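A.B. asks: Sequence:
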Amino acid sequence: MKRTLLVGGVNSPVRTFAAVSEPPLICSYARGSFLYDTQGNKYLDFIGGWGALIHGHSNPRIRRALKKVQTSGILYGLTHDGEEKLANKIKSFIPFIEKIRFLNSGTEAAMTAIRVARAATKREKILMFSGCYHGHADSFLTKMGSGGATLSLPLSEGIPHGVLNKTIVIRYNDTEGLRKAFHDNPDIAALIIEPVAGNMGLVPAKKDFLTEARKLCDKFGTILIFDEIMCGFRASYGSVAELYNIFPDIILLGKVIGGGAPVGAIAGKENLMSLLSPEGPVYQAGTFSGNPLTCNLGLAALIEIEKNRNINHLENLGFIMDSILSDTKRITFVRLGSMCCLFFLSEAPENREDVDRQNRDVFSNFHKKLRAKGILIPPSPYETWFLNTAMKERDIKNAALIIRNTAEEVLNT
Numbered sequence: 001m002k003r004t005l006l007v008g009g010v011n012s013p014v015r016t017f018a019a020v021s022e023p024p025l026i027c028s029y030a031r032g033s034f035l036y037d038t039q040g041n042k043y044l045d046f047i048g049g050w051g052a053l054i055h056g057h058s059n060p061r062i063r064r065a066l067k068k069v070q071t072s073g074i075l076y077g078l079t080h081d082g083e084e085k086l087a088n089k090i091k092s093f094i095p096f097i098e099k100i101r102f103l104n105s106g107t108e109a110a111m112t113a114i115r116v117a118r119a120a121t122k123r124e125k126i127l128m129f130s131g132c133y134h135g136h137a138d139s140f141l142t143k144m145g146s147g148g149a150t151l152s153l154p155l156s157e158g159i160p161h162g163v164l165n166k167t168i169v170i171r172y173n174d175t176e177g178l179r180k181a182f183h184d185n186p187d188i189a190a191l192i193i194e195p196v197a198g199n200m201g202l203v204p205a206k207k208d209f210l211t212e213a214r215k216l217c218d219k220f221g222t223i224l225i226f227d228e229i230m231c232g233f234r235a236s237y238g239s240v241a242e243l244y245n246i247f248p249d250i251i252l253l254g255k256v257i258g259g260g261a262p263v264g265a266i267a268g269k270e271n272l273m274s275l276l277s278p279e280g281p282v283y284q285a286g287t288f289s290g291n292p293l294t295c296n297l298g299l300a301a302l303i304e305i306e307k308n309r310n311i312n313h314l315e316n317l318g319f320i321m322d323s324i325l326s327d328t329k330r331i332t333f334v335r336l337g338s339m340c341c342l343f344f345l346s347e348a349p350e351n352r353e354d355v356d357r358q359n360r361d362v363f364s365n366f367h368k369k370l371r372a373k374g375i376l377i378p379p380s381p382y383e384t385w386f387l388n389t390a391m392k393e394r395d396i397k398n399a400a401l402i403i404r405n406t407a408e409e410v411l412n413t
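If you read the sequence shown in full-length UniProt numbering, its first letter stands for residue 1, the second for the next number, and so on.
Simulated from the structure, these hints should not be mistaken for laboratory data. Do not rely on the hints blindly, as some may be mistaken.
Computed list of lysine-lysine pairs in DSS-like fashion (alpha-carbon distance at most 30 Å, straight line) [as the list claims (entries may be wrong)]: (1) K99 to K219; (2) K329 to K373; (3) K143 to K180; (4) K68 to K125; (5) K91 to K68; (6) K329 to K368; (7) K99 to K68; (8) K125 to K42; (9) K307 to K91; (10) K89 to K180; (11) K373 to K392; (12) K99 to K368; (13) K269 to K125; (14) K269 to K215; (15) K89 to K368; (16) K206 to K125; (17) K392 to K42; (18) K166 to K89; (19) K207 to K99; (20) K219 to K91; (21) K369 to K392; (22) K125 to K85; (23) K215 to K307; (24) K42 to K85; (25) K269 to K206; (26) K269 to K42; (27) K269 to K207.
Keep in mind it's a predicted model, so treat the numbers as computed, not measured.
Work out the full structure, taking the sequences as your base and the hints as a guide.
C.D. replies: This is the structure we're talking about:
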């Protein structure tokens with residue numbers, strides 16, 4: 001890769017395309033469901049800003065919101081009415097939330113939620129799951145160790161050992177392992193989980209697993225946190241919590257609610273949210289939190305969903321992909337709402353360990369061939385694909401046929 005002033009030539013590691021042994025894609029511009037690189041190549045984009053662009057690129061309603069902000073100001077560092085408008089719109093989709101705080105990223109939201117949970121419970125341990133991603137704060141860059149639920153290992157250099165001692169990592173969708181973790185550690189402050197995991201490919205949690213998590217948190221006085229930064233507004237019209245009828249104490253949101261601008265949010269019960277400053281003793285602040293750019297673009301994105309009932313269109317696109325890809329031998333296609341993923345496995349995985357059984361070389365070959373055919377999927381077998389409302393049924397049908405044929409081609413090589 002050509003050296004640049006940027007570290008590694010990128011500002012986020014997955015953009016190197018190193019996981020699929022390809023040169024990085026250098027973007028030029030994007031319109032609707034298509035992205036164009038600096039070489040003039042056109043791609044049907046299943047990356048979609050890693051889930052943020054539910055309406056594709058350069059959506060007209062979002063463009064109008066952007067134009068409005070350009071003339072009224074993109075940053076005040078002060079309160080403005082756009083914050084309340086976005087908060088109210090989110091609550092109209094997710095009625096169980098009582099208070100919300102906007103931040104600038106999913107990482108900020110997750111680390112703030114943990115701080116609130118620790119303050120509320122006066123405990124320090126957190127419980128998380130192998131394969132779930134909650135950002136790059138120290139507490140979350142851990143993995144399941146050989147010692148099981150009592151030992152976690154760092155995923156990065158620079159993580160203090162004291163942090164590892166406070167983080168418990170267990171297998172996703174493992175109900176017995178969950179019970180054991182609470183039995184061995186009755187002083188857990190927070191259980192944080194992606195109810196639909198999107199960072200090991202797409203792996204939804206089993207409903208009975210989430211139900212047990214809720215029961216155990218109630219029994220042991222632990223704060224239940226649903227990280228819906230990726231799956232919020234993607235798996236259903238609102239939250240996965242409502243889809244499953246299992247409600248967390250705190251929900252984390254992001255991506256879609258920013259309309260393409262940087263965003264994160266923590267929301268939940270008033271008694272917990274009131275612990276945040278200035279109402280309570282848990283400090284959190286941010287110059288760009290709730291800025292006019294994010295709030296106006298996010299509001300436009302949610303209005304677009306609401307006005308046009310675009311969730312129905314996304315479901316139709318998903319059904320097309322299901323019909324073409326679901327009965328293909330030696331691969332498994334998983335979809336929930338506008339999130340989807342193809343695994344080179346004979347059955348849908350239930351956890352990160354299942355996902356790891358894929359042949360990485362086969363996936364790399366698959367990705368390379370799809371890229372050459374104008375279809376852009378994430379450059380890693382551990383990422384989710386995303387549909388967007390700008391996609392046309394004919395494009396999705398054509399793409400699904402190419403994806404199926406290419407998968408069969410690489411498996412027969």
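A.B. asks: The structure should be examined with respect to each hint, and the outcome stated for every one.
C.D. replies: Taking the hints in turn, this is what the structure says about them:
Taking the CA atoms of K99 and K219, the gap is near 24 Å; set against the 30 Å cutoff, the hint holds. With a C-alpha separation of about 22 Å, the suggested pair K329 and K373 falls inside the 30 Å cut-off, and the hint holds. For the proposed pair K143 and K180, the alpha carbon gap of about 18 Å is at most 30 Å, so the pair holds. Our distance criterion of 30 Å between C-alpha atoms is broken by K68 and K125, whose separation comes to about 45 Å.
Annotation: proposed proximity of K91 to K68 holds, straight-line Cα distance about 24 Å (limit 30 Å). About 21 Å separates the Cα atoms of K329 and K368, which keeps this hinted pair within 30 Å; it holds. About 27 Å separates the Cα atoms of K99 and K68, which keeps this hinted pair within 30 Å; it holds. A distance of roughly 47 Å separates the Cα atoms of K125 and K42; the hinted pair therefore is violated under the 30 Å criterion.
Taking the CA atoms of K307 and K91, the gap is near 16 Å; set against the 30 Å cutoff, the hint holds. A distance of roughly 40 Å separates the Cα atoms of K89 and K180; the hinted pair therefore is violated under the 30 Å criterion. Distance hint between K373 and K392 is fulfilled; the C-alpha atoms sit about 18 Å from each other, no more than 30 Å. Among the hinted pairs, K99 with K368 is inconsistent with the structure: their alpha-carbon atoms are about 45 Å apart, more than 30 Å.
The straight-line distance between the Cα atoms of K269 and K125 is roughly 21 Å, inside the 30 Å bound, and the hint therefore holds. Straight-line distance between C-alpha atoms of K269 and K215 comes to about 17 Å, which keeps the hinted pair within the 30 Å bound. Our distance criterion of 30 Å between C-alpha atoms is broken by K89 and K368, whose separation comes to about 41 Å. Only pairs whose Cα atoms come within 30 Å are accepted, and K206 paired with K125 is accepted, the gap being roughly 24 Å.
Distance check on the hinted pair: K392 and K42 sit about 16 Å apart at the alpha-carbon level, within 30 Å; holds. Of the supplied pair hints, the one linking K166 and K89 is violated, its CA atoms being roughly 36 Å apart against a limit of 30 Å. With a C-alpha separation of about 26 Å, the suggested pair K207 and K99 falls inside the 30 Å cut-off, and the hint holds. Restraint check: the Cα-Cα separation between K219 and K91 comes to about 28 Å, which is no more than 30 Å; the hinted pair holds.
Our distance criterion of 30 Å between C-alpha atoms is met by K369 and K392, whose separation comes to about 22 Å. Restraint check for K125 and K85: not satisfied, since their Cα atoms lie roughly 36 Å apart, outside the 30 Å limit. Taking the CA atoms of K215 and K307, the gap is about 37 Å. The hint is violated against a cut of 30 Å. Note on K42 and K85: the hinted pairing is violated, with a Cα-Cα distance of about 37 Å set against a maximum of 30 Å.
Our distance criterion of 30 Å between C-alpha atoms is met by K269 and K206, whose separation comes to about 24 Å. Pair hint K269 plus K42 does not hold up; C-alpha atoms about 45 Å apart against a cutoff of 30 Å. Annotation: proposed proximity of K269 to K207 holds, straight-line Cα distance about 22 Å (limit 30 Å).
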